[in-house]
Amino acid sequence: MPETLFRTMMIRGFGLLAVLMLFVVPVIGSRAMVQDLFGVLTLLVLALNWNLLAGFAGLVSVGQQAFVGLGAYTMFACVILLDVDPLWGILAGGAVAMIVAVPVAIFTFRLSGAYFAIATWVLAEIVRLVLAQWKALGGGTGTSLPKGTTKDMWGVQWLKDTLDVSSSAASDALTYWLALVLALGTLAAAYVFLRSKAGLGLQAIRDNVGAARSVGVDPTRLKAWIFLLTAAGTGVCGALLFIQITRVTPEAAFSVVDWKAFVIFITVIGGVGTLPGPIVGVIVFYILQRTLADYGTIYLIVLGLIGIAVMLFAHRGLWGLFADKTGIELLPLRHLPPRSAHSS
Amino acid sequence: MTILALKSVSKSFGALKVTNDVTLEVERGEALGIIGPNGAGKSTLFNLITGNLKPDAGTVEFDGRDVTRVTAMDRVRAGIGRSFQIPQPFTHLSVYENLLVAAQFGGNLHRSEAAHFCVDIIERTGLLQVIEEPAGGLPLLQRKRLELARAMATSPRLILLDEIAGGLTDAECGDLVRTIKGIHRHGTTIIWIEHVLHALTSVVDRLAVLNFGKMLMVGGVNAVMNSPEVKEIYLGIEV
Chain H
1 MPETLFRTMM IRGFGLLAVL MLFVVPVIGS RAMVQDLFGV LTLLVLALNW
51 NLLAGFAGLV SVGQQAFVGL GAYTMFACVI LLDVDPLWGI LAGGAVAMIV
101 AVPVAIFTFR LSGAYFAIAT WVLAEIVRLV LAQWKALGGG TGTSLPKGTT
151 KDMWGVQWLK DTLDVSSSAA SDALTYWLAL VLALGTLAAA YVFLRSKAGL
201 GLQAIRDNVG AARSVGVDPT RLKAWIFLLT AAGTGVCGAL LFIQITRVTP
251 EAAFSVVDWK AFVIFITVIG GVGTLPGPIV GVIVFYILQR TLADYGTIYL
301 IVLGLIGIAV MLFAHRGLWG LFADKTGIEL LPLRHLPPRS AHSS
Chain D
1 MTILALKSVS KSFGALKVTN DVTLEVERGE ALGIIGPNGA GKSTLFNLIT
51 GNLKPDAGTV EFDGRDVTRV TAMDRVRAGI GRSFQIPQPF THLSVYENLL
101 VAAQFGGNLH RSEAAHFCVD IIERTGLLQV IEEPAGGLPL LQRKRLELAR
151 AMATSPRLIL LDEIAGGLTD AECGDLVRTI KGIHRHGTTI IWIEHVLHAL
201 TSVVDRLAVL NFGKMLMVGG VNAVMNSPEV KEIYLGIEV
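Protein chains in written order, with our numbering: chain H, 1 to 344; chain D, 1 to 239.
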């Protein structure tokens, strides 16, 4: 067995083991650990979605926090105004984010590059300001989930009895598992999509829109699809995040630092345009966060400096650097020619 | 039988008339060369044929159908392929993937059919050695070959080549000409814009001359090249 293949298999085996261990964390780990990892997993979902947009479709949006906020507010509206289970609110959050993404796409797709980026940010601010006027959900000061909402969520009582833990711990376990399934589902869906005809077309568009059009690829249609799908994924994640936080304010739901700067940092240091990049990025981010948490604003300065250094010296991020040096491809997206091509 | 017909096509950019009442017919299986000084409107004419630009006046017919308002993507699927003057590969994709995109989207082929079809074209265009290389790292000749190969992968009935021999050495140019002749022998109609006249005239049956957006003349290679007007305008020889 060639050494590269062996090492690839080793990393895949390690990854599988890590996933299995992640599944049992709520059973064997502390509640603080569950909450910490929930944060990591939701950031990973946001980074995977942003990577699909910026890294594979060339749509460098800096307004994705709009869909996090929309997901969160939709979930709160479902619970407070419609009195439905928050889990239905998660699905509604994804749907509303996707619906709102339609007019956003119609407007922003007329622009490109930096102009597109600025337009997405402006629209995110507009969505935030509009939702801050919604008095039924607390207006500018926000609101909390009604008491006992998370404890009455579907499945919480069963988990409480099965794991023999408090309602709060059971609720945390449920949202944690949902975040884990969402992260794995997003990763799997991204892999299958990028390996498909549409995924190949999307990568062609990223490399050269004019040339893609000249071989029959419809850039607007493909970009619109990926924009809508990532908006839905981001909205679902936003709703899930705020079930655990239990309180929503316009500042928190549309946080530029939490849902934009951190997400971009994670993707950039991990490797934009590589599928394992956000996974590596979120691990590095978590370690840095834990290490530098006591240093206040210095923490953000250090993050910024690391981001700049990676962009200067490793354009494809830490995973890209590692893959280039070792030849290891964890989730290969390359399409290989049929064997006959090698024997010709 | 006519495969492409331009009827009184005009296009202006502001006050500048880049294509001025151009009428041209190309027969199925023909190889037509287009020559003219820089800025004559040759590439604009290609963009009007491929649908990247819409004419201000006139019509474009392909295979007996008016395609003037048809999008560039649909024209590719209808059978109009093109290469660019400056190679525009999908830099992060391999040579094989560059063709796979074209065969699946432009050629409407299923993945399994497309795979063997692409390898066949890659073999015919001399790119087999670099089939898995990222297209962004290829030298000029191979980039030009890739332009040709990718256009071929859309299964075109009409292929438009834009200065594909530009910047190549004589030996490289000879190689490319052999490949283009091979494509032509397979029955593909070719329209070729080129400044490397010896390469162009070794392939094409007729020449069209553009000057200041107007079609100066269309005719046999010898008739055009010996025309005093063409010599003066294009070759800079005073007659």
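Be aware that a few hints might be false.
Simulated crosslink set (BS3-like; lysine-lysine; CA at most 30 Å straight-line) [what the hints assert, rightly or not]: (1) D:54 / H:197; (2) H:160 / H:147; (3) H:223 / D:54; (4) D:17 / D:54; (5) D:7 / D:17; (6) D:214 / D:231.
Per the computed footprint, the stretches of chain D lying under chain H, defined by three or more beta-carbons under 8 Å from a beta-carbon of chain H, are [stated by the list, open to error]: (7) 52-64; (8) 85-95; (9) 110-124.
Pairwise CB distance ranges, derived in the manner of DEER restraints [unchecked claim]: (10) D:214 / H:332: 51 to 57 Å; (11) H:102 / D:120: 40 to 46 Å; (12) H:11 / D:167: 39 to 45 Å; (13) D:86 / H:113: 56 to 62 Å; (14) D:123 / H:257: 52 to 58 Å; (15) H:28 / D:123: 54 to 60 Å; (16) H:141 / D:111: 50 to 56 Å; (17) H:110 / D:229: 52 to 58 Å; (18) D:139 / H:336: 20 to 26 Å.
Derived by calculation from the structure, the hints in this document are not laboratory data.
Every residue, glycine too, gets a C-beta built ideally from N, C-alpha and C.
To see whether the hints hold, each was checked on the structure:
1. D:54 / H:197: holds (29 Å)
2. H:160 / H:147: Distance ~18 Å between residue 160 of chain H and residue 147 of chain H Cα, so the pair holds.
3. H:223 / D:54: It holds: about 23 Å lies between the C-alpha atoms, which stays within 30 Å.
4. D:17 / D:54: Between residue 17 of chain D and residue 54 of chain D the Cα gap is close to 14 Å, so the pair holds against 30 Å.
5. D:7 / D:17: Roughly 16 Å separates the two Cα atoms, so the pair holds.
6. D:214 / D:231: Distance of about 16 Å is within 30 Å: holds.
7. 52-64: Violated - the stretch 52-64 of chain D has 1 residues with a Cβ nearer than 8 Å to chain H, which falls short of three.
8. 85-95: holds (count 7)
9. 110-124: holds (count 7)
10. D:214 / H:332: 51 to 57 Å: About 53 Å separates the Cβ atoms of residue 214 of chain D and residue 332 of chain H, which means 51 to 57 Å holds.
11. H:102 / D:120: 40 to 46 Å: Cβ of residue 102 of chain H to Cβ of residue 120 of chain D: about 42 Å, so the range 40 to 46 Å holds.
12. H:11 / D:167: 39 to 45 Å: Holds: the Cβ-Cβ distance is about 43 Å, inside 39 to 45 Å.
13. D:86 / H:113: 56 to 62 Å: Given a distance of about 20 Å, which is not inside 56 to 62 Å, the answer is violated.
14. D:123 / H:257: 52 to 58 Å: Once the Cβ atoms are compared, 54 Å apart, the range 52 to 58 Å for residue 257 of chain H and residue 123 of chain D holds.
15. H:28 / D:123: 54 to 60 Å: holds (57 Å)
16. H:141 / D:111: 50 to 56 Å: Holds, at about 54 Å.
17. H:110 / D:229: 52 to 58 Å: Given range 52 to 58 Å: violated, Cβ gap about 45 Å.
18. D:139 / H:336: 20 to 26 Å: At 23 Å between Cβs, range holds.
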